[in-house]
Structure formats: structure tokens, C-alpha cells
Amino acid sequence: MTAKLHLDTPRLTCSQIAEDDWDFFRQLQLSPHVMHYVADAKSEEKILADFTARLPRWSPRSAHWLCLVVREKQSGNRIGVSGYIHRENNCAEVGFLFAPEAQGKGYAHESLRAICDYAFSDGGIRRLSATVTAGNTPSRRLLEKVGFKLEGELRESYWLRNAWHNDWVFGLLCGEYGL
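Residues in the sequence shown are numbered from 1 upward in steps of one, following the UniProt record's numbering.
Think of the hints as simulated: they come from the structure by calculation, not from any bench. Small disclaimer: the values here were computed from a predicted structure and weren't measured. Treat each hint with caution, since some may be false.
[Unchecked claim] Here are the simulated PhoX-like pairs of lysine-lysine, each with C-alpha atoms no more than 25 Å apart in a straight line:
{"hint": "1", "residue 1": "73", "residue 2": "105"}
{"hint": "2", "residue 1": "105", "residue 2": "149"}
{"hint": "3", "residue 1": "105", "residue 2": "145"}
{"hint": "4", "residue 1": "73", "residue 2": "4"}
{"hint": "5", "residue 1": "145", "residue 2": "73"}
Whenever a hint applies, use it, and build me the whole structure from the sequences.
Right, dumping it as C-alpha cells:
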């Protein structure tokens, strides 16, 4: 059996989600600030199902999300989750959620760089994508800072807060990333 994936950056440790991360995962999912551009309020049962789906041991090409809990090294505090899910043809979709108190401090950038480093080297991924609800400027800036390119806008693609919203679609190729 392979060890659970663990990534280190200068300020962060990122390790696969575990049973004892439930309360933190639940708090992120229940935060209106965190979920504003992500999803409408979810039931406790749906949040638990999403959490449970991320718990099985992950390896490249797994059908479920690689969900890494991001911790600040100095304090050990959980500050976010980051990861990706493998799609077809060595492509994967990245995602991230950070607690309000951790936003704007470069933690998401640091963890996303670690995800990209891993995906393009050990993960065997050739293309990463991200879909962001139009208007989510902080996530857009983060993706662009890491090197993702805006590839298009899907009009009225996502139902959120009782209205249709456009989605921004981003992509990053291994050859563009520069490991």
C-alpha cells in the first residue's frame, strides 16, 4: 500500500484529507463567504457525502478528488483544501477553498503551485484546467498568477444563488508551466 500523498512548501504542509478533518471541511462548506462563488448551501448529508468521497486513499488516475488539507507549518492550523481530479487524456481539474482568515496571504498560491508541481511531474498530467464562476476575481487572479490562461467564458453555465452565471474556463499546459 502506498503512503498518503504529502506536499511541503516553505510555509505549508498539504496532506491527504483524513477522518479527523471533518469539522474543518464542514466549516468550509458551511461558510457563506467561502462558498459564495462555489455552491449554494448544502445539507449536512450532502457535505458528509462529499467529505466521505474524498477519504479513500488516492493515487494518480484515481477516479476521486485528490483533496489535500492545507496547514500552516508554524501554527499547524488548517487553513484550506486544495487538489485535483483526473479527467481523460492525462488532464485534471484543480480546485481550492480557503478559510476567510487565510485568504489574501498567498497561501492559496503556494498550495496551488505545489499541486501543479506534483501534477506535472509525479502525477503524469499534461493539462490542468479550472472553472471559476465569473466575478470571482480573487480566484481568477490566483490562477493567472500561477500561469493559467483564460480560455473562454461559458455563458449562463452555472446555476447559483437563484440565477444563471457565466463560468470562466482556465487551462495550463505542462510545457507552459516551467518546472
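Checked hints:
1. 73 with 105: Status holds; Cα separation ~14 Å.
2. 105 with 149: Holds - the C-alpha atoms of residue 149 and residue 105 are around 22 Å apart, at most 25 Å.
3. 105 with 145: holds (14 Å)
4. 73 with 4: holds (18 Å)
5. 145 with 73: Holds, because 23 Å separates the two Cα atoms, which is no more than 25 Å.
This entry satisfies every hint, going by the numbered hints stated previously.
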